[in-house]
Every structure is written in structure tokens, then in C-alpha cells.
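Full structure from sequences and hints, please.
Below, each chain spelled out in residue letters.
There are 2 protein chains.
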Amino acid sequence: MVVTNQIDPQASPFDLSTYMAERRGQVEAALDKALTVVYPEKIYESMRYSLLAGGKRLRPILCLATCELAGGSLEMAMPTACALEMVHTMSLIHDDLPAMDNDDYRRGQLTNHKVYGEDVAVLAGDALLSYAFEHIATQTKGAPAENILEVLAGLGRAVGAEGLVGGQIVDLDSEGKQDVTLETLNFIHTHKTAALLEVSVTSGALLANAPRPDIDKLRRYAQRIGLAFQIVDDILDITSTSEALGKSVGKDLKAEKATYPSFWGIEESKRQAQQLINQAKTELHSFGPLNRPLLAIADFITARTH
Amino acid sequence: MVVTNQIDPQASPFDLSTYMAERRGQVEAALDKALTVVYPEKIYESMRYSLLAGGKRLRPILCLATCELAGGSLEMAMPTACALEMVHTMSLIHDDLPAMDNDDYRRGQLTNHKVYGEDVAVLAGDALLSYAFEHIATQTKGAPAENILEVLAGLGRAVGAEGLVGGQIVDLDSEGKQDVTLETLNFIHTHKTAALLEVSVTSGALLANAPRPDIDKLRRYAQRIGLAFQIVDDILDITSTSEALGKSVGKDLKAEKATYPSFWGIEESKRQAQQLINQAKTELHSFGPLNRPLLAIADFITARTH
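Here the protein sequences come in this chain order: A and Y. Per this note's numbering, the very first residue in the first sequence carries number 1; after that it's consecutive. Per this note's numbering, the very first residue in the second sequence carries number 1; after that it's consecutive.
Keep in mind that the hints are not guaranteed to be accurate.
Same chains, same label: a pair holds when it works inside one copy or across any pair of copies.
[Claimed, not checked] 20 Å max Cα-Cα, derived SDA-like pairs, lysine to any residue:
hint, residue 1, residue 2
1, Lys257, Gly25
2, Lys56, Arg107
3, Lys114, Leu236
4, Lys42, Asp101
5, Lys42, Thr190
6, Lys177, Asp119
7, Lys56, Arg24
8, Lys114, Pro98
9, Lys177, Gly265
Just so you know, the hints here were simulated from the structure itself, not pulled from any lab data. Just so you know, these numbers come straight off a predicted model, no measurement behind them.
Below you can see the structure in the form of C-alpha cells.
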């Protein structure tokens with residue numbers, strides 16, 4: 001696959017929305033190509049329904065941007081970028097199920113199980129998850145095999161009981177409870193949200209064969225923007241509208257969920273998010289001007305509150 | 001991890017039940033060690049509940065036996081052997097869900113969702129699936145990294161829309177239909193059952209870095225025993241008792257499912273299964289006496305009908 005890099009991240013001034021739109025287009029073309037419809041059509045259609053339903057494509061873009069920052073190419077990171085979106089989509093499909101969050105809408109569209117049925121939705125998630133690993137293992141070119149194994153290991157950890165699933169379990173357990181601590185809330189979100197953002201960034205660096213100290217800095221960058229991202233999500237659930245977000249709002253209050261604003265109030269939540277973003281950006285100082293997409297993405301996360 | 005190989009597969013006469021019991025013990029010890037309970041305990045307990053609920057451990061044993069046949073060690077195949085059982089367990093947990101086959105019992109025990117709830121059961125399956133890939137990627141020692149990537153790719157393909165999930169989708173679609181063809185029935189079972197047995201065998205050979213023609217022979221062996229295994233399963237659903245199988249029987253008839261006996265009758269089904277087993281064994285003739293476990297496992301599959 002040839003991916004043309006039409007955006008020069010060193011060009012001044014750096015325009016994030018142009019950069020994001022360009023990368024999103026490249027990711028969506030790669031996702032579309034990665035998953036064609038063959039017999040039995042229903043499962044592929046169901047996988048594609050959710051995978052190609054839009055969204056910011058933040059995880060793939062983080063992976064691509066970090067790979068370039070670390071001296072790698074878009075081509076070597078694209079299969080992993082697509083896999084990250086497949087895993088993210090799987091988690092959305094399964095979280096939306098009646099037995100979990102029971103959501104009818106996602107990104108302004110009916111959820112997968114509302115269109116295809118619960119059985120197909122469970123299986124579409126399973127298939128996207130296993131295909132994510134397969135896609136990385138078969139399609140990644142130009143990176144050392146040992147590093148690809150490390151990417152696969154990191155992705156597995158980010159999805160399973162030590163990542164997404166662990167966070168979701170504690171989240172489900174905490175619903176309606178009055179005594180949820182800030183520590184528990186942090187556990188939920190470092191696992192449900194930050195873990196996958198973290199592996200999005202570190203996998204890009206691993207594929208480019210970046211030095212370990214650089215990977216550690218990028219990991220801390222990702223952890224901080226991951227937590228900030230969730231704080232902002234909690235704020236938006238209170239302050240935004242259903243139309244603007246493309247999903248239900250006010251759900252946290254209705255479900256009596258502990259959120260950052262419920263601990264800190266909205267203003268302090270915004271301040272904490274901004275502080276995390278500043279810390280995240282500090283981790284990028286030692287890198288060259290190719291750090292501009294990651295700096296701008298960090299700012300973009302808190303910009304969503306305004 | 002040190003796995004002692006106390007069974008000499010060249011000893012005469014070869015006793016399969018001793019061999020299977022020994023290997024089963026080794027696999028169960030490795031599974032127990034691979035998955036310890038930490039916070040949040042509920043997800044790990046739920047994963048362990050189904051993973052350590054017994055069963056023949058046929059997939060891991062096939063992987064270990066093939067790796068040894070191809071000149072590899074038990075140690076290098078054990079992480080993949082465990083991963084195969086994790087994937088198999090995931091498929092059972094999700095297939096048993098109310099939205100799918102709606103089974104209350106499995107191997108004589110309550111199904112995962114009857115004990116832990118549907119939400120936890122969906123997540124336990126997801127976590128087992130992602131952990132399977134992680135476990136292979138982090139724990140496999142002594143095999144070339146490129147071959148480990150090939151094992152991961154094959155496992156992904158065997159689970160996803162081109163394997164287990166694809167078979168299950170067509171199976172769900174065929175229920176209650178009067179016009180299911182033999183071709184469709186074959187599609188269901190080559191995908192639902194044979195695909196994972198196939199990757200169990202080929203992954204053992206890949207880890208041992210076996211020559212491609214040997215891998216191809218072993219693949220055909222696995223495809224044939226896989227289909228024979230399903231024919232026998234269909235026969236047992238009619239002729240066996242719930243106590244003997246540890247799961248519900250007569251379900252296929254009740255669900256008006258197409259089965260091999262519904263096409264061929266029981267006697268012809270037995271004959272077809274036996275023919276597949278004979279073909280499978282022929283593929284092993286060019287190997288040395290280390291082929292005895294795989295020969296005996298092939299015979300064991302049809303012995304179950306008597």
C-alpha cells in the first residue's frame with residue numbers, strides 16, 4: 001500500500017484541522033480496503049457498519065503521527081493504525097449491548113445490535129478484535145519482527161483485563177454506587193480510555209524502532225492526554241447537546257455515575273484537564289519539529305471544552 | 001517455564017489415554033499459571049471459571065504433539081497451546097449467551113453468564129481473546145519471530161469472520177430453515193470447528209520451523225479430523241445421554257438444525273467420519289514414530305461414536 005504524505009508537518013503555520021482531515025481520509029481509505037464484503041456477507045456488513053461510521057480516528061492518527069515523529073513512515077504504521085480503530089470499534093459495539101450500557105445510538109446512528117441483532121453484534125466485535133491482530137501480523141512491512149510482536153503484545157494488554165475490559169468491569173460495578181472514590185474513577189479511565197491511547201502512541205514509536213527513552217516520554221504524553229480526554233468527555237456529557245456530540249448526553253447523571261465534575265465541579269475539572277495537557281506537551285520538548293501534530297492534538301483535546 | 005516430557009511417544013505399546021492425561025495435566029498447570037487473579041477480581045475469576053472448567057484440551061494437545069513431531073519442544077509450543085484453549089473458551093462463553101445458543105449448562109456446570117451475568121460473560125470472552133494473542137507474543141521462546149507472527153496471523157484468521165465467527169453466523173442463519181444444503185453444513189463446520197483445530201496443528205509445526213510440505217500435510221490431517229470430529233458430535237447429540245456428554249443433548253433436533261445424520265442417517269455418517277479419519281492418518285505416513293500421538297488422536301475421534 002502506498003500512502004502519500006501530502007501534509008508537511010514542518011510547514012508553518014501548522015493547521016491541525018487540515019492535518020486531521022487528511023489523515024482521517026487516509027485511515028478511512030485503508031479501513032475500507034482492509035475489510036471487503038464476502039460470504040457470509042452479514043458479518044462483514046455488520047463489521048463495516050460500525051468500523052466505517054465516522055468518528056475522529058484519533059487512535060490511528062496518534063499512531064501515524066508518532067511513527068513519523070520517531071522517524072518511521074506512514075506505510076509501516078498504517079496496518080496498526082487500522083487495527084487500533086478495529087479494537088476501539090469492537091469495544092463500542094460490545095459496550096452498547098443491552099447487557100452493558102444499552103445504547104440505541106452511537107455517532108448519530110443506530111447502534112450495531114439495533115441494526116443487526118445482538119447475536120451478530122457480539123460476533124462482529126469478536127471478529128473485529130481477532131482481525132485487528134491478524135491485520136498487524138500479516139500487513140506490517142518494514143518494521144523488525146520483534147517490534148511487531150511487541151506491538152501485538154501491547155495491543156492485547158490494552159484491550160484485555162489489564163486494559164479496556166478491566167476498566168469496563170469496574171465501571172459497571174461502580175454504577176449507582178455512592179461511595180466511588182477518585183482512585184476508582186482514575187482506575188476506570190486509565191484502563192477504559194488511556195490504555196488504548198497509550199498503545200496507539202507507543203506502537204507508532206515501536207514500529208519506527210525508536211530508542212526506549214523516547215518511547216517512555218511518548219508513553220507519558222499518551223497517559224496524560226488519555227486522562228484529560230476522559231475528563232473532557234465527562235464535562236461534555238453535562239454541558240453539550242445530543243446533536244453536537246452525536247450520542248446521548250446526561251447519561252452519567254441519569255445513571256448516577258461518578259464523574260470528574262462530580263468530584264471537582266466543572267471549573268476545577270477543566271483546570272485539571274489543562275494541567276494534564278501542559279504536562280503531556282512538556283514530554284515532547286526534546287523532539288524536533290515533527291512533534292507539532294502531537295502538540296496540536298494535545299491542545300485539541302482541551303479545546304473541546306470551550 | 002520448564003515442562004518435563006515424561007511420556008515417550010516412541011514407547012510401545014502407545015497408550016493414548018495415559019498420554020492425553022499427562023498432557024492435559026501439563027496444559028492445565030500452564031493455564032492456571034498464565035492467569036492469576038488480581039484487581040478487579042471478578043473479571044479474572046470469570047475468565048478462570050470457564051478456562052479451568054475441564055474439557056479434553058484437544059486443541060492444546062494437538063499443538064504440543066505436532067510441535068514435537070516436527071522436532072520442536074513442548075516449552076516452545078506451550079504458550080500457543082494455552083492461547084488456543086483461551087480462544088476456544090471465549091467461543092464457548094459467547095456462543096452460550098442468551099442472544100446466541102442460550103445454554104444454561106456447559107461441561108456439567110452452569111454457563112459463564114448464568115454465574116457472572118451477561119455483561120461480565122461478554123467481557124470475559126473479549127479478555128480471553130485478547131490475552132490469547134498477548135500470551136503468544138510475550139511468552140513464546142525459542143521460535144523465530146517471523147514464525148510467531150505467522151502463528152498469530154493464523155490464530156486471528158481461525159477466530160474471525162473467515163473462521164469461527166463466519167461459521168457461527170451461517171449456523172445461526174440456518175437454524176429452523178428447511179433448505180440448508182450439505183455445502184452450507186460443510187461451510188459451518190469447516191469454519192466453526194475445523195479452522196481452530198487446523199491452526200492448532202499448523203501452529204505447532206510453525207513454531208518448530210517445519211518445512212512447508214510437512215506443514216501442508218499436517219494441515220490436511222487437521223482439516224479431516226476437524227470435519228470427522230463434527231460429524232461425530234452430531235451423531236452423539238442423537239445417540240448419547242446428557243450425563244455422558246455433560247451438556248444438553250437432542251438440541252439439534254429441537255432447534256430443527258441441519259446435521260450430518262439428517263442428510264446421511266447415522267450409519268452413513270459413521271462411515272464418512274471413518275473415511276475422513278483414514279485419510280487424515282495417511283497424511284502422517286511420511287513422518288517418523290513421533291506421529292503416534294496424532295495417529296491415536298485421529299482414531300480416538302471416531303472411537304467416540306461406539
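A quick look at each hint next to the structure:
In this homomeric assembly, Lys257 and Gly25 never come within 20 Å of each other (Cα to Cα): the closest approach is 35 Å inside a single copy and 45 Å across copies. Taking CA atoms no more than 20 Å apart as the test, Lys56 paired with Arg107 passes inside one copy only; the shortest distance there is 10 Å, against 44 Å between copies. With identical chains, the CA atoms of Lys114 and Leu236 are never at most 20 Å apart, being 25 Å at best within one copy and 36 Å at best between copies. Taking the shortest Cα distances, Lys42 and Asp101 sit within 20 Å of each other only across copies (18 Å), while inside one copy they are farther apart (24 Å).
For the identical chains of this complex, Lys42 and Thr190 are inter-copy neighbours only, at 18 Å across copies versus 34 Å inside a copy, given an alpha-carbon limit of 20 Å. Taking CA atoms no more than 20 Å apart as the test, Lys177 paired with Asp119 passes between copies only; the shortest distance there is 18 Å, against 30 Å inside one copy. Taking the shortest alpha-carbon separations for Lys56 and Arg24, only the intra-copy value of 7 Å comes in at or below 20 Å, while the best inter-copy value is 47 Å. Proximity of Lys114 and Pro98 under a CA criterion of 20 Å is satisfied in both settings, with 10 Å inside one chain copy and 16 Å between copies.
For a Cα distance limit of 20 Å, the shortest separation of Lys177 from Gly265 inside one copy, 19 Å, qualifies, whereas the shortest one across copies, 57 Å, does not.
Hints 1, 3 from the earlier list are contradicted by this structure; the remaining hints agree with it.
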